[in-house]
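Trainee: Position 13 of the sequence shown, counting from 1, maps to 13 under our numbering, and the rest follow consecutively.
Treat the hints with care, as some may be off.
Claimed, not checked - Distance ranges between label pairs, derived from CB positions:
1) Gln-47 <-> Ala-106: 39 to 47 Å
2) Ser-107 <-> Ser-42: 38 to 46 Å
3) Ile-49 <-> Lys-100: 40 to 48 Å
4) Ile-49 <-> Ser-107: 36 to 44 Å
5) Thr-123 <-> Leu-97: 17 to 25 Å
6) Asp-101 <-> Ser-44: 40 to 48 Å
7) Ser-34 <-> Ser-60: 36 to 44 Å
8) Glu-76 <-> Lys-100: 25 to 33 Å
9) Val-52 <-> Glu-16: 31 to 39 Å
10) Ser-44 <-> Ala-106: 39 to 47 Å
11) Ser-60 <-> Arg-11: 25 to 33 Å
12) His-57 <-> Ser-107: 39 to 47 Å
13) Ser-44 <-> Gly-75: 33 to 41 Å
These are computed hints drawn from the structure, not numbers from a lab.
Idealized CB from N, CA, C, for every residue including glycine.
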Amino acid sequence: MLVNANVYNARTRAYEALTVFLDSGSQPSFITASAVYRLGLSVSNRQSITLVTLGGHTSSEASGIVDTRFKDMCGEEFYLSLFVNDVLTAPQSTAALGRKDREFLASLGINDNMLCGDAQLLTPDILIGMDHY
Numbered sequence: 001m002l003v004n005a006n007v008y009n010a011r012t013r014a015y016e017a018l019t020v021f022l023d024s025g026s027q028p029s030f031i032t033a034s035a036v037y038r039l040g041l042s043v044s045n046r047q048s049i050t051l052v053t054l055g056g057h058t059s060s061e062a063s064g065i066v067d068t069r070f071k072d073m074c075g076e077e078f079y080l081s082l083f084v085n086d087v088l089t090a091p092q093s094t095a096a097l098g099r100k101d102r103e104f105l106a107s108l109g110i111n112d113n114m115l116c117g118d119a120q121l122l123t124p125d126i127l128i129g130m131d132h133y
């Protein structure tokens, strides 16, 4: 599932909306190296990590950890520690939402600026896996 999330940009000292992929098939969570640079975040704990992907393929690569500040829809801040990776996933398609879908989501307090748009192909900046899901 793709959602927008407000993430703190250390360069501008403001929150900005980034595309987040909620992935129940992934154990760790990641942020792209380009998002880390764009947000002015500091990478720590550089290490080699081993990833097991679909089909049982394994690969080891250098990574680091970034403490990333988010703001939820109630205005509360929280932090997630994310591994840095160049590519998280292939571009993902968003769902086309009809009027009834939008009305239902609005009844739950979910407004259009939280959604990623209708029938678009988006490349996520952040992937949230089961470690934070």
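Trainee: Can you tell me whether the CB distance of Asp-101 to Ser-44 sits inside 40 to 48 Å?
Mentor: 41 Å, holds
Trainee: Measuring from beta carbon to beta carbon, are His-57 and Ser-107 in 39 to 47 Å?
Mentor: 43 Å, holds
Trainee: Do the Cβ positions of Ile-49 and Ser-107 conform to the proposed distance bound of 36 to 44 Å?
Mentor: 41 Å, holds
Trainee: Taking 33 to 41 Å as the hint, is the beta-carbon distance of Ser-44 and Gly-75 inside that range?
Mentor: 27 Å, violated
Trainee: Range first: 25 to 33 Å. Now tell me if the beta carbons of Glu-76 and Lys-100 are that far apart.
Mentor: 30 Å, holds
Trainee: For the hint 39 to 47 Å, verify it against the beta carbon of Ser-44 and that of Ala-106.
Mentor: 40 Å, holds
Trainee: Please test the hint of 38 to 46 Å on the beta carbon pair from Ser-107 and Ser-42.
Mentor: Since Ser-107 and Ser-42 have Cβ atoms about 41 Å apart, the given range 38 to 46 Å holds.
Trainee: Between the beta carbons of Gln-47 and Ala-106, is the distance compatible with 39 to 47 Å?
Mentor: 44 Å Cβ-Cβ, so the 39 to 47 Å window holds.
Trainee: Given a hint of 40 to 48 Å, does the C-beta separation of Ile-49 and Lys-100 actually sit inside it?
Mentor: Holds, at about 43 Å.
Trainee: Do the beta carbons of Ser-34 and Ser-60 sit within 36 to 44 Å of each other?
Mentor: The hinted range 36 to 44 Å is violated for Ser-34 and Ser-60, with Cβ atoms some 22 Å apart.
Trainee: Would you say the C-beta atoms of Thr-123 and Leu-97 sit inside 17 to 25 Å of each other?
Mentor: Given about 20 Å between the Cβ atoms, the range holds.
Trainee: Measuring from beta carbon to beta carbon, are Ser-60 and Arg-11 in 25 to 33 Å?
Mentor: 31 Å, holds
The structure fails hints 7, 13 (numbered hints given earlier, in ascending order).
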